[in-house]
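Based on the sequences and whatever the hints tell you, model everything.
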Amino acid sequence: MSTGWHADPVVLSRYAAEELDDVRASSLEAHLLTCDRCRDALAPLTDAPKLGAIWHAIETALDAPQPGIVERAMQRLGVPEHVCRLLSATPSLRVSWLLAEAFALGMAAIAANQATGTGLAGATLFLFLVTAALAPVAGVAAAFGPGVDPTYEVGLAAPMRSDRLLFIRASAVLGASLAIAGVAALALPGTGWTLALWLLPALGLTLATLAVATWVRPVWAALGVGVGWVVLAAATAVAITEPLIVFHVWGQLLSLGLIVASAAVIAHRRAAYEGRIPA
Amino acid sequence: MTVRADGDDALVAAVATGDREALAELYRRHAPWLVLRLSRRCADPGTVEEVVQDTFVAVWKGAGRFRADGEVPAWIWGIGVRRLISRLRSRPMAPTDARAEEVMVSAEDEVLVGVEHGDLGQALGRLSPELRAVVQATVLDGLTTREAATLLGIPQGTVKTRSARARRELREALA
Amino acid sequence: MTVPTIEIADVHKHFGRTTALAGLTFDAPAGITGLLGPNGAGKTTLLRMAATVLAPDAGRIRMLGWDPSVADERLAIRRRLGYMPQEPGFHRNFTAFEFVDYVAILKEMTDRASRHDEVRRVLDLVGLEKVRDRRIKALSGGMRRRVALAQALLGDPDLLVLDEPTAGLDPEQRLRFREIVSERAGDRTVLLSTHQTEDVAALCPRVVVMLDGAALFDGTPQELSGVARGRVWLAPERSPAARLSWRGPDGAHRNIGDAPDGADLVEPTVEDGYLLLVGERAFTEDEAA
Chain A
1 MSTGWHADPV VLSRYAAEEL DDVRASSLEA HLLTCDRCRD ALAPLTDAPK LGAIWHAIET
61 ALDAPQPGIV ERAMQRLGVP EHVCRLLSAT PSLRVSWLLA EAFALGMAAI AANQATGTGL
121 AGATLFLFLV TAALAPVAGV AAAFGPGVDP TYEVGLAAPM RSDRLLFIRA SAVLGASLAI
181 AGVAALALPG TGWTLALWLL PALGLTLATL AVATWVRPVW AALGVGVGWV VLAAATAVAI
241 TEPLIVFHVW GQLLSLGLIV ASAAVIAHRR AAYEGRIPA
Chain B
1 MTVRADGDDA LVAAVATGDR EALAELYRRH APWLVLRLSR RCADPGTVEE VVQDTFVAVW
61 KGAGRFRADG EVPAWIWGIG VRRLISRLRS RPMAPTDARA EEVMVSAEDE VLVGVEHGDL
121 GQALGRLSPE LRAVVQATVL DGLTTREAAT LLGIPQGTVK TRSARARREL REALA
Chain C
1 MTVPTIEIAD VHKHFGRTTA LAGLTFDAPA GITGLLGPNG AGKTTLLRMA ATVLAPDAGR
61 IRMLGWDPSV ADERLAIRRR LGYMPQEPGF HRNFTAFEFV DYVAILKEMT DRASRHDEVR
121 RVLDLVGLEK VRDRRIKALS GGMRRRVALA QALLGDPDLL VLDEPTAGLD PEQRLRFREI
181 VSERAGDRTV LLSTHQTEDV AALCPRVVVM LDGAALFDGT PQELSGVARG RVWLAPERSP
241 AARLSWRGPD GAHRNIGDAP DGADLVEPTV EDGYLLLVGE RAFTEDEAA
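Residue numbers (the working numbering), protein chains in the order written: chain A, 1 to 279; chain B, 1 to 175; chain C, 1 to 289.
By construction, these hints were calculated from the structure, which means they are not laboratory data.
Even for Gly, the Cβ is constructed at its ideal location relative to N, Cα and C.
Computed cross-link-like contacts, DSSO-like style, restricted to lysine-lysine with a CA-CA straight-line distance of at most 30 angstroms:
| id | chain 1 | residue 1 | chain 2 | residue 2 |
| --- | --- | --- | --- | --- |
| 1 | C | Lys130 | B | Lys61 |
| 2 | B | Lys61 | A | Lys50 |
| 3 | C | Lys137 | B | Lys61 |
| 4 | C | Lys130 | A | Lys50 |
Covered, in the sense of this in silico footprint (three residues per stretch, anywhere, with C-beta under 8 angstroms from a C-beta of chain A), are these stretches of chain B:
| id | stretch |
| --- | --- |
| 5 | 26 to 33 |
| 6 | 36 to 44 |
| 7 | 53 to 67 |
| 8 | 72 to 84 |
A partial selection of chain A residues facing chain C, derived with a Cβ cut-off under 8 angstroms:
| id | residue |
| --- | --- |
| 9 | Thr60 |
| 10 | Pro65 |
| 11 | Glu81 |
| 12 | Ala89 |
| 13 | Pro150 |
| 14 | Glu153 |
| 15 | Ala157 |
| 16 | Met160 |
| 17 | Ala271 |
Put into structure tokens, the structure is as follows:
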């Protein structure tokens, strides 16, 4: 290609108007790849508003926050984009947290499996069930409130209701925990109901945490409920020498009762989630 | 930094460091011809706009992988045409060249464009539009048979036969 | 004063045994009002109440005519509010854009396209358009403050509450900040706190001086400097009659207090008025700031 040749202005304007014949257009295109002078001459002849609109779209695409794996998964489940963004700021929904949870519960389930037929069978199963019921409580503690959420104060001053944010996050955390525990439970020995003994207690404890959080910070609520649960489970196991007693019929019924009572408290005291600035 | 004075190579290097203004300058220089060149290969303006957008986002993300000895416009075109093809692959619609009919070359055009088109230009002009499209895709755009097939909406076998026929006709015309 | 947009009447607040506010009373009109006072004066407590995140123990508060203790009215205030807390917290890995976008969602902007346009707009306003996609932890302190200011400007609020917005900024940054705020003010209401008298003198048509949870002064900066009229003089050394005295750059001592006869009186500044009202308290707590 001779560097001396440059496209005629008439040719350029016809090309820009998409009126140039194929042969000349192809030839011009090949030339434009190597000649910045002709490219610069072509630029003013093109559709400026359209180019501006495309640039705006490019900037938008570059600015848009890049969703992480968890967020993309949630979007595919149909969760609206802005809700996903709120969830993405939840520490207990980060991949690292979820992996840690999966690991802990997975190990506990495998341990229970390995221990079948030995004296530890009951104890390892007990350990799994207690942990599986506790996991979502820890998740809720790390999901909301001062000390955990750096933007808590700004969030309080924003129109979005605090209870709504809390429920969105708590639901997502609960869902994730139940799913992880459910998958881990497949590695447990036994079949049928054993695999789901932790489900009602998990729900009961989580709702109890949310209910107590209408009085104190979510972190303290979770701590209180969690410690109470561990103490109760341990005490009954020791006192009654049947480690799984807390998961048997009475335990399940009590969990159900806890769910109902907590739901009532939460519904009644929803407004209390706001305005909790520490001194 | 007077961005205007920088060559394209320097701009790409700046984009690789996250310089948004360098990308804006690259866009200013190369988006106009890219839009027009893509429009000649795809009749749907909405698709063309999306492809241009995708191209520059890809430039932003891939600037670090550009080797300084290459040509920036050719690199941009390579990204753009491949984006177009992958878009077309997911759509059943075949893009039609809006000017499938041969454009009559007027005597004025002959004079304006000058001598360098000469024999080859005339020979190309005498090819049918379908053959010419295949030549443009495989020779000028540097696409593979498969890519050309997707772009033109025809089977790969047809690309090969038309390409062979075009070569034969051109050889005869230039002999 | 024209119609006040902020009314604070006899507000009290205790935290355990500490009294934060002891019968604070003042009104503020549209425009910029500065809260001036040493640390511990109760400025942050008052601003938190203005931002509806803290309730008083007693007293009456009206923001833009609404009562924050009534749920519906509190929501109405929040929809028109931009709040920049003293310690803005950020999610560690967010970029500047992502953080402001997150707050925009909390402010009920659910449509993605218009929300992103608004985020870009406020980041441009504070001069951060070039660092939109830089992580906050990689930004300097001054830039982080500007991010915090940007989120407060989302949605073009009628009420801006800014707690120590210039703390930790160097003079040039403070100047730029003042420009941004004074441009946005217009007929909006801005309530900001500071312990820098230059901020107040340059920016605020109205000043409230606070000490120990109460208002010592409520008026214009000119009136505040007027408090010290006839009570500021220069002397070669510290004068025994002076309540406060310090050595100026040219060697002479500036004295504030009851001037003795024949003293070399000078024109008082806003700072002089402030110091006269607040006394040594301005220095003792200030060292930490």
